[in-house]
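Dock chain B against chain A, hints included.
2 protein chains.
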Amino acid sequence: MGNPYYECPLPVTIPPAKPFLESIKLGIKETLFPDDPFRQFKNQPASRKFILGMQYFVPILEWAPRYTFEFFKADLIAGITIASLAVPQGISYASLASLPPIIGLYSSFVPPLVYAMLGSSKDLAVGTVAVASLLISSMLGKEVNPNENARLYVQLALTATFFAGVFQAALGLLRLGFIVDFLSHATIVGFMGGAATVVCLQQLKGILGLVRFTHGTDLVSVLRSVFSQTHQSKRKPCFFWINAMAPMMSVIVGSVLVYLTNAEKYGVQVEGVAVGRSFAMFKNYHIDGNKEMIAFGMMNIAGSCVSCYLTTGPFSRTAVNFNAGCKTAGSNIVMAAAVMVTLLFLTPLFHYTPIVVLSSIIIAAMLGLIDYEAAIGLWKVDKCDFIVCVSAYIGVVFGSVEIGLVIAVTISLLRMLLSVARPRTFLLGNIPNSMIFRSIDQYPIANNIPGVLILQIDAPVYFANANYLRERWIYEEDEKLKSTGGSSLQYVILDLSAVGSTDTSGISMFKEVKKNIDRRGLKLVLANPRSEVIKKLVKSKFIESIGQEWIYLTVGEAVAACNFMLHASKSNNQVADEFDAHNNA
Amino acid sequence: MGNPYYECPLPVTIPPAKPFLESIKLGIKETLFPDDPFRQFKNQPASRKFILGMQYFVPILEWAPRYTFEFFKADLIAGITIASLAVPQGISYASLASLPPIIGLYSSFVPPLVYAMLGSSKDLAVGTVAVASLLISSMLGKEVNPNENARLYVQLALTATFFAGVFQAALGLLRLGFIVDFLSHATIVGFMGGAATVVCLQQLKGILGLVRFTHGTDLVSVLRSVFSQTHQSKRKPCFFWINAMAPMMSVIVGSVLVYLTNAEKYGVQVEGVAVGRSFAMFKNYHIDGNKEMIAFGMMNIAGSCVSCYLTTGPFSRTAVNFNAGCKTAGSNIVMAAAVMVTLLFLTPLFHYTPIVVLSSIIIAAMLGLIDYEAAIGLWKVDKCDFIVCVSAYIGVVFGSVEIGLVIAVTISLLRMLLSVARPRTFLLGNIPNSMIFRSIDQYPIANNIPGVLILQIDAPVYFANANYLRERWIYEEDEKLKSTGGSSLQYVILDLSAVGSTDTSGISMFKEVKKNIDRRGLKLVLANPRSEVIKKLVKSKFIESIGQEWIYLTVGEAVAACNFMLHASKSNNQVADEFDAHNNA
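Quick mapping for you: the protein sequence lines, in order, are chains A and B. Here full-length UniProt numbering is used: the first residue of the first sequence is 1, the next is one more, and so on. Here full-length UniProt numbering is used: the first residue of the second sequence is 1, the next is one more, and so on.
Take these hints with a grain of salt, some might be off.
Pairs involving identical chains hold if they fit within one copy or between any two copies, as the list cannot separate such chains.
To be verified - Here are the simulated BS3-like pairs of lysine-lysine, each with C-alpha atoms no more than 25 angstroms apart in a straight line:
| id | residue 1 | residue 2 |
| --- | --- | --- |
| 1 | Lys480 | Lys383 |
| 2 | Lys523 | Lys142 |
| 3 | Lys514 | Lys383 |
| 4 | Lys29 | Lys383 |
| 5 | Lys380 | Lys515 |
| 6 | Lys18 | Lys541 |
| 7 | Lys511 | Lys383 |
| 8 | Lys523 | Lys73 |
| 9 | Lys480 | Lys511 |
| 10 | Lys29 | Lys480 |
| 11 | Lys514 | Lys541 |
| 12 | Lys327 | Lys73 |
| 13 | Lys42 | Lys380 |
| 14 | Lys42 | Lys482 |
| 15 | Lys18 | Lys29 |
I should point out that these hints are in silico values taken from the structure, not numbers from a laboratory.
The shape of chain A in the complex, shown without the other chains:
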């Protein structure tokens, strides 16, 4: 039919089609190199490029020449501070991983040196972490009993570390670090809280002085283990409770102190790459997550060859490093040196460290990870995220660490897929005294336009939601036709502002929707299709079938054109007058 009378102020632009290879190249660049890491290499001579490249892959080459005595003083203080954390934590976490304490100390010696050379964060302090230690003991413990076959167990742990390093380095080299983004905030809160709970439960062994203990990490096995042993001790109950009370008290008092001094109250964070990134933000410099992955991988590969087990950048230690005023990764070198001194001269002393002290250190560190405040925040802001969080927690505590992780990731992904599969559609109305159109649900003040149905969708149109949208739109039309008696409705406007992209299933859906609208004797009008969408609509000849003159830049213009046609076609001017009355601004 066309619309010869109404002049559109600016037609919707159809961007020129890009050559296939160029758009593929752009797609790969955006997916794998969104941060454009090689930006600085552009327009540089070859020699400069080589130097920049070396500095890129080995950042110490970049900061070492500019290293000053001021920096050294700061790094020395920070390094000694974190070393004082590294020694007890190293020993405790090694015991959590069922490894000899000396391996925990080694792990605070070689990996920090590697990271100091390859890492790009200035604040990150390298070390072992409780959750990874727990994972090692719970997964390797199934294969080899660390008490019966200690040598094999240690070898297995070092092999696992080696392959973890290879995996990290490979992810970084292949620029696949973004996979980590698929762990949501809620998953991490639940998972870390669950892991911390499990770690604390494991400490019941040390605190209660139990001899035989389960290798399972779930709540049921641990409680059964605890109660069966307390039951066996019935013959000398007095001794058991005296044995148990003193260390328990020390743990409780210690934990309360730690809690009050807020030493661990930095909230829950993904350890590793995210830690470096958070602190980088404070000092306003940029961290390339994939490059950090490579540094972590190399650190674990090198570490595993010299009897170090899995290390990363723990949040708590990095926070201490940051607050102690570190300037460069040099603080890691200082820490390594301090740990070496400890290893050389103080090792004999650790032989006498009571297990209960180690347990206390672990519990104190763990309490900060049970971030119930974050969980309450999730409940307040997003119930669905809260459910994800609780599922992860329950999975870890009642199942195992792996089950918890799988449950949480699955729920997160399912939720995302569901929200893609079930986008919301909105009925738009005119905000009085304006040309603005907004959802009638959100703005009850908005008015329906007689004879025109305006639908909006708030997500990309994909195969996963194309069927749903078709049904939904047909349903909305039915309702509208019913409510108006089927006579006055003449135009259906689809507002595509929020449809960022589409695929061929989406295009088929649009075609079917158009057929359906045609069959009812209505006219389909499109408002504000985005460049990706309009390109595909043109290529699939959908625009031809609608007519280019029925595509408008804004909903307001589309409505104005519809009203113009209604006005022109109807003998009475009532409809157009009504609309003009709305828009007398």
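This is chain B only, laid out in the frame that chain A set:
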């Protein structure tokens, strides 16, 4: 700081928070019952509800009382027409599934009767399909050799049919039919084309008169099988080629005829639910996919008990049924009766059906499924969908049917996840002589506003893209600051029109972006947050930290407010003048 001078025409509405249970209920309803199947039951007396309920679950009760002689005449003709298809196809597809021909005929007898009672499509013709038959022989053939142990093989096929029926019915009852939506159009084109190619390759056995043949379905095994046997036949090459040529010619001629008469040219479709739905659209009635799933399930459960194997609603037969003018599911009853007559009186004849005829029937049906035109269309409209299609095809042809399906579904999902993880961000500019703001990429005519950076994002903000967006936005600011010399930029406007929803990871990201913007001495302004987003922003106290007066209904208003402040704070009015010059409409 606030903005006391500029009056916003309408503040952004913050919808009242819904009670948790109500929003959960609404979420479940939208996910599982988007089509609101119980709509008609509302506000009805109990007795009426019972009748409606019976009619809902057994649709024959609804249409049988209104059945007229006119309907019967139409259904009779349609039924006999599809029976004439059902008999040869039933025998051919049974041989494809390595089952006795009689089972193929049984399958066109009982299942149509069950569907006629329970199904809600008026046009769907029930029967066996080639791809499912191929799947049965390729999967069960691995376990049991149909030639050596025919009895066990048939029992296995019927058991598989029974459990397929149980699975279908369960999916329907649990309202999980939407899982099928996750198969994209491109996947189906590639998968069906691949399956058709494999089926045709399998027919080389019948056409070339080969005795021993591979049980593998992949191209390599089949070609090896063909060439090894042709090689063995070298001693009597003349006879082999004479034997082979005649049937080959008949197949070629037959296929060309079929192609020219367009009998199969209905394009590629998912068989089953989607078929019924497509035809329902023509007659303007509605099909509930989940209810259809239950009907298919019951049909297969009942069928498997009386020696019928897997049936569904094939597209080609349904199209014939539709074109023959069927009025109700009664045409299926007529077809069943006609097949019964065939079974009773004509069975002895089928003993002499030459294999080559069966092969020809299968190949003729399959050629319509290799929809190369659709593949060309995919290439033109969406290269990524084309890659998905080709992967599915190659997976099926060179691997196996299962491998092809897994590859195609994985690629489709990965593509969707990637597009969620990597949304596009846009820089907006002012379209001259209007208050409209659009992407500068799409509308090169759009002008930058001095001192203001306007960013837009075209997808929901989730945990999967929160990290990426944060980096992206910070990068854009950097670029803008660099290009303007860092002095004049004062406001960053985020246009949230296309952000349909968000989660707690998204909210954290907004908070970090705000911190970063604050640190640079800039001011963050939001434009048009949608109801889901603003609710969560309010609950997480983000709106408080920005200030409610910095949230605007449109980008235009946000820019006007920023300009007003720039104007008020600067001694020279240059900036505001520039903007006024743009907007002198």
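With identical chains treated as interchangeable, where does the CA-CA distance between Lys42 and Lys482 reach 25 angstroms or less: within a copy, between copies, both, or neither?
-> between (62 angstroms within a copy, 16 angstroms between copies)
Quick one: Lys514 to Lys383, C-alpha cut-off 25 angstroms, is that within a copy, between copies, both, or neither?
-> between (37 angstroms within a copy, 24 angstroms between copies)
Status of Lys73 relative to Lys327 across identical chains (alpha carbons, at most 25 angstroms) | within (9 angstroms within a copy, 90 angstroms between copies)
If the cutoff is 25 angstroms on CA atoms, where do Lys42 and Lys380 land: within, between, both or neither? Let me know, please.
-> Neither: 47 angstroms inside a chain and 34 angstroms across chains, both beyond 25 angstroms.
Between copies, within a copy, both or neither: which fits Lys29 and Lys480 at Cα up to 25 angstroms?
-> For Lys29 and Lys480, only the inter-copy Cα distance (21 angstroms) is at most 25 angstroms; the intra-copy one is 45 angstroms.
Given a CA cutoff of 25 angstroms, do Lys480 and Lys511 count as a within-copy pair, a between-copy pair, both, or neither?
-> Close inside one copy (21 angstroms), not across copies (40 angstroms); limit 25 angstroms.
Can you give me the call for Lys480 and Lys383, within, between, both or neither, at a CA distance of at most 25 angstroms?
-> Classified as neither; 33 angstroms inside a copy, 37 angstroms across copies.
Measure nothing new, just compare the shortest in-copy and cross-copy C-alpha distances for Lys523 and Lys142 to 25 angstroms and report within, between, both or neither.
-> neither (67 angstroms within a copy, 55 angstroms between copies)
When no copy is specified for Lys29 and Lys383, does a C-alpha distance of 25 angstroms or less occur within a copy, between copies, both, or neither?
-> between (36 angstroms within a copy, 16 angstroms between copies)
Between Lys523 and Lys73, at a C-alpha cutoff of 25 angstroms, which is it: within one copy, between copies, both, or neither?
-> Answer is neither: 75 angstroms inside a copy and 37 angstroms across each miss the 25 angstroms cutoff.
25 angstroms Cα threshold - placement of Lys515 relative to Lys380 = between (44 angstroms within a copy, 22 angstroms between copies)
Check Lys18 against Lys541 for me: Cα-Cα at most 25 angstroms, and say if that holds within a copy, between copies, both or neither.
-> within (18 angstroms within a copy, 43 angstroms between copies)
Violated hints for the displayed structure, listed by number in ascending order: 1, 2, 8, 13.
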